[in-house]
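These protein sequence lines map, in sequence, to chains R and H.
Counting in the numbering used here, the first sequence runs from 1 upward without gaps.
Counting in the numbering used here, the second sequence runs from 1 upward without gaps.
One or more of the hints may lead you astray.
So the derived list for chain H, only partly shown, Cβ under 7 Å to chain R, looks like this [unchecked claim]: (1) N82; (2) R83; (3) P89; (4) R198; (5) G250.
Between beta-carbon pairs, the in silico distance windows are [as the list claims (entries may be wrong)]: (6) R/A46 to H/A30: 47 to 55 Å; (7) H/D196 to R/G137: 34 to 42 Å; (8) R/G69 to H/R107: 36 to 44 Å; (9) H/G163 to R/Q49: 51 to 59 Å; (10) H/Q114 to R/E100: 21 to 29 Å; (11) H/A261 to R/D36: 27 to 35 Å; (12) H/K38 to R/K12: 53 to 61 Å.
Keep in mind the hints are simulated off the structure, nothing from the lab.
Bear in mind that the values here come from a model prediction, so they are computed numbers and not experimental data.
Even for Gly, the Cβ is constructed at its ideal location relative to N, Cα and C.
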Amino acid sequence: MQEERRIKRSWKEFSERLIARVQDGRHFAEAVYEPDRAAQTERAAAAAQQFAAALPGCIPVCVDLEKAGDFAGLLRIVLDAIFTQIPEKAGGEAGEEIDELAAEFYKEEEGADRSAESEYLKVVFQELLEDILPETGVRVILILAHFEAAADSWDRYDFGFMRANNFIDCPPSLLLYADRALCEVSELPDGSSPFYNIFGDSGSLLMEFAYE
Amino acid sequence: MNDQMFAVSKGAVTGADFIGREEELGFLDAAADAGLVKHISLHGLPHVGKSSLVMEWVHRREADGMRTASGRPLLVLSETTNRYAGFAPLFRRLARSLSREIRNAMRDDRLPAQEETLTALSDRLKEISRDPRREGVRTDASEASGDGDLTEVISSALHAIGGNGVRTVLILDEFEAVAENWTEEEFLAFAALLLDRRTELFCIAVSRPHISYITSAFERQIAPFVPHLLPSFPDRDVLCLLKRLAEAGGEEADLTGPQHAAGRNRMLYYCGRNPYLLTCMAGAMLEENCFSPDEIFARRRATYRQHFHDVVRFMLREEKGAQKSFSHVIKCYFGTSEDYADILKGYLPLGYIEREDREGMFAEVFDRFSFTDEETGEAWYYVTVSPAFIDYLYTDTLDEIRDVRDLLTGFIHSLRDITRRELEEVYPAPADWNEELLLRFRGHTKNDPSRAEYRAESNTLYAVWLPVKRSYIWCTMAALRSGQILGHSNSPDEPWIKDRREWIERNEQQMIDMASTSLFFAAQKFNEKKRRRDALDVMPVLDAISLTDHAAILKRYANRFVKYFGVLGDLRNDPEAFDLLNGHLQYVQDRIRNPISHYARSSFSPEEKLKNRSLCIYLLGSIYSCFADGRVAEKKAFRPETAETVRAAHEARERYRESGVPGTP
Numbered sequence: 001m002q003e004e005r006r007i008k009r010s011w012k013e014f015s016e017r018l019i020a021r022v023q024d025g026r027h028f029a030e031a032v033y034e035p036d037r038a039a040q041t042e043r044a045a046a047a048a049q050q051f052a053a054a055l056p057g058c059i060p061v062c063v064d065l066e067k068a069g070d071f072a073g074l075l076r077i078v079l080d081a082i083f084t085q086i087p088e089k090a091g092g093e094a095g096e097e098i099d100e101l102a103a104e105f106y107k108e109e110e111g112a113d114r115s116a117e118s119e120y121l122k123v124v125f126q127e128l129l130e131d132i133l134p135e136t137g138v139r140v141i142l143i144l145a146h147f148e149a150a151a152d153s154w155d156r157y158d159f160g161f162m163r164a165n166n167f168i169d170c171p172p173s174l175l176l177y178a179d180r181a182l183c184e185v186s187e188l189p190d191g192s193s194p195f196y197n198i199f200g201d202s203g204s205l206l207m208e209f210a211y212e
Numbered sequence: 001m002n003d004q005m006f007a008v009s010k011g012a013v014t015g016a017d018f019i020g021r022e023e024e025l026g027f028l029d030a031a032a033d034a035g036l037v038k039h040i041s042l043h044g045l046p047h048v049g050k051s052s053l054v055m056e057w058v059h060r061r062e063a064d065g066m067r068t069a070s071g072r073p074l075l076v077l078s079e080t081t082n083r084y085a086g087f088a089p090l091f092r093r094l095a096r097s098l099s100r101e102i103r104n105a106m107r108d109d110r111l112p113a114q115e116e117t118l119t120a121l122s123d124r125l126k127e128i129s130r131d132p133r134r135e136g137v138r139t140d141a142s143e144a145s146g147d148g149d150l151t152e153v154i155s156s157a158l159h160a161i162g163g164n165g166v167r168t169v170l171i172l173d174e175f176e177a178v179a180e181n182w183t184e185e186e187f188l189a190f191a192a193l194l195l196d197r198r199t200e201l202f203c204i205a206v207s208r209p210h211i212s213y214i215t216s217a218f219e220r221q222i223a224p225f226v227p228h229l230l231p232s233f234p235d236r237d238v239l240c241l242l243k244r245l246a247e248a249g250g251e252e253a254d255l256t257g258p259q260h261a262a263g264r265n266r267m268l269y270y271c272g273r274n275p276y277l278l279t280c281m282a283g284a285m286l287e288e289n290c291f292s293p294d295e296i297f298a299r300r301r302a303t304y305r306q307h308f309h310d311v312v313r314f315m316l317r318e319e320k321g322a323q324k325s326f327s328h329v330i331k332c333y334f335g336t337s338e339d340y341a342d343i344l345k346g347y348l349p350l351g352y353i354e355r356e357d358r359e360g361m362f363a364e365v366f367d368r369f370s371f372t373d374e375e376t377g378e379a380w381y382y383v384t385v386s387p388a389f390i391d392y393l394y395t396d397t398l399d400e401i402r403d404v405r406d407l408l409t410g411f412i413h414s415l416r417d418i419t420r421r422e423l424e425e426v427y428p429a430p431a432d433w434n435e436e437l438l439l440r441f442r443g444h445t446k447n448d449p450s451r452a453e454y455r456a457e458s459n460t461l462y463a464v465w466l467p468v469k470r471s472y473i474w475c476t477m478a479a480l481r482s483g484q485i486l487g488h489s490n491s492p493d494e495p496w497i498k499d500r501r502e503w504i505e506r507n508e509q510q511m512i513d514m515a516s517t518s519l520f521f522a523a524q525k526f527n528e529k530k531r532r533r534d535a536l537d538v539m540p541v542l543d544a545i546s547l548t549d550h551a552a553i554l555k556r557y558a559n560r561f562v563k564y565f566g567v568l569g570d571l572r573n574d575p576e577a578f579d580l581l582n583g584h585l586q587y588v589q590d591r592i593r594n595p596i597s598h599y600a601r602s603s604f605s606p607e608e609k610l611k612n613r614s615l616c617i618y619l620l621g622s623i624y625s626c627f628a629d630g631r632v633a634e635k636k637a638f639r640p641e642t643a644e645t646v647r648a649a650h651e652a653r654e655r656y657r658e659s660g661v662p663g664t665p
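Given only the sequences and the hints, what does the whole structure look like? Please build it.
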């Protein structure tokens, strides 16, 4: 268990830094401590709107993890949101690849093997977000409300998948809202936390915000 | 002020943020270019910068048009192994990445454009990457359908790429995950891929533990990797980091000059030479506009403490066997920062052991020695450590600590009489405990002549440090496994030794592999003319040989050792090296004779004695035969008596071989 520390920040200043980072061609991964569970969804949605307004080439996707169900459910919502918004933002060769992927994604949804769904969706997710979109300049910001629900519905590989610490600035950018520290959400039975690395010091940080 | 410069990394650090490691980058360049080594496994402590190093190397290659330093084209595939719930998902992803890389390479002339075969392969890889039912390795079902498995398709693609003179770099981060996630067949298929020279594959496996500990999860421990330890920052990299700090923070932040040695040392004191911690501290200094390491440490104490926990917990739990030795912490994590190492000297993360202590064997010790950090409310546990105890602790996993519980009982009893009051007598300023207790434990080494004195002072708090070589630890492990040097209890009749027999036989291959790796490195260093004296210091392996009581194991050691002598070259112009080697041979002779007499005394059956004896002689003869058959023949003139001995041993070996004694090949 990591030691928890609290820190208060100004949301305005913080979000401006995140936006500047994306404008700089980079990504971010941050966690917001929001003990008021009812306020989490609202805050997350507001953040998504703020990012959308400030970053025209960017697709903010806001998901309530409590409603999304398991990891496959989350990926399905995210992919659907991206495929819906992407035609406006990408074209050319990458656009064709995206069309191909989207056709397959929706075709797959109609029937077939549900047992391998999560695996399949991870393949599509990686291909789209890690391979194709970086070439188009389109950036995705994934905003997850009620991240604490992941503790019950994600397995270690799901956490590992999202962690993706292999590259600096690995897409998508992540903004997580939880009512506890991340290391607690993602703590595995052996006491380790796969999220600790990606969030580093802030894995145990309870970052609260003053909203103006 | 640039507070981004030292932003704590949330993954690999590359590009402008990357500091130092020029030597290691050069090593990767050489390995990728000249085929100096086929594959590399890069291991090291948490947060030491393993992933960063590899990704920085990739970035630099990318900057050179994705070519090696000498201009040879590269394809790079990089994945984090523990993102995937097994072999097949990982290889599906690799297939997809390879498909894209082939197309990219055709586009920028690394591979010939308009090449139909390559295009078809790229399409095929793309197709199979999206098929979640595709097997990682061939099964009966896929065989029947005539469908290629993932490794087959990837392998044929790599052949085609290699055939065009392009090298494929496969980077697998968090490689330790394969131990849990891959089946025996999958691991073998992967090893086969690596061993296939036509693929022109260069694999870099990145993991915390040494590769041997990962491959030990598999029955057939094929590990075609040359292990490379990534140590903490050397002086020049620390200086480089401090210069960046000065650039970002101005004069006040400049800790580089001789007048700032004290501040610099305090920084190292708190951070060791760990790149992550040093970066954390530099970042905190800039953020808080405070350039006193003491002040920063006080404010950000939790970060540093957490890192201690990470490192030590890693040592105790994740790395099995030798690498969890605390001396390893000092050696490769803290470098030469002896002050800081002192902190860990007295530190045993017994909170962890307590959680694992299902049988309550340490409960009484904890009662006596726990205290609560008033500032954080965190409970800390310390224990008086006797040389005997630490001997067991540092060599064993927790399971094994339980195994030797009986031996520890006496030690625990000796602690019962130590009260908190007595502790306070030793450390008369309890108010300082939170900060200082860790520093106050006295340490000494195994070689300390006053060790006997410490042993007698059963009521004194101290920790024991055993700064021994990695190879020695490995081999001591091997010896321990065979129950030979557990002083109190080395009788084969001891119940716990009997219970362990089966385990020993199952795991001895791991020990052999470690010895083998050690010898391989020694020979490599010797042949590369690096630290030749060290390279020849293979005493620990010899120790392990002499202490092993398994005939079959002796035979395997013998084969490894013979190989070592066989590959040593260029002794011609190095009489000093030859003398050393000769000394080793003498040592082998002595040590191998000892176990022979040991076997004679022990309760082994006559058949076992004969078998062991014959193998010992076979081993001796095999080593000497390296001299006799001309590989080091030129040097015989230096030591005529050696030549004679060699001949005699060689003849003895031949006699045993001819007589068909069991166990000799």
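Right, here's what the structure says about each hint:
Among the interface hints, the one on H/N82 holds; its C-beta lies about 5 Å from the nearest C-beta in chain R, closer than the 7 Å criterion. Against a cut-off of 7 Å between C-beta atoms, the interface hint on H/R83 holds, since the closest Cβ of chain R lies about 5 Å away. Hint on H/P89 holds. Least Cβ distance to chain R is approximately 6 Å, under the 7 Å limit. Hint on H/R198 is violated. Least Cβ distance to chain R is approximately 27 Å, over the 7 Å limit.
The beta carbon of H/G250 comes no nearer than 22 Å to any beta carbon in chain R, farther than 7 Å, and the hint placing it at the interface is violated. In this structure the hint that R/A46 and H/A30 lie 47 to 55 Å apart at CB holds, the actual value being about 53 Å. The hint said 34 to 42 Å for the Cβ distance between H/D196 and R/G137, and at roughly 39 Å that hint holds. For R/G69 and H/R107, the Cβ-Cβ distance of about 40 Å falls inside the hinted range of 36 to 44 Å, so the restraint holds.
For the hinted restraint 51 to 59 Å between H/G163 and R/Q49, the CB-CB distance of approximately 53 Å keeps it satisfied. Checked against the hint of 21 to 29 Å, the pair H/Q114 and R/E100 passes, with Cβ atoms roughly 22 Å apart. Against the hinted window of 27 to 35 Å, the Cβ-Cβ separation of H/A261 and R/D36 comes to about 50 Å, which falls outside the hint. Against the hinted window of 53 to 61 Å, the Cβ-Cβ separation of H/K38 and R/K12 comes to about 54 Å, which satisfies the hint.
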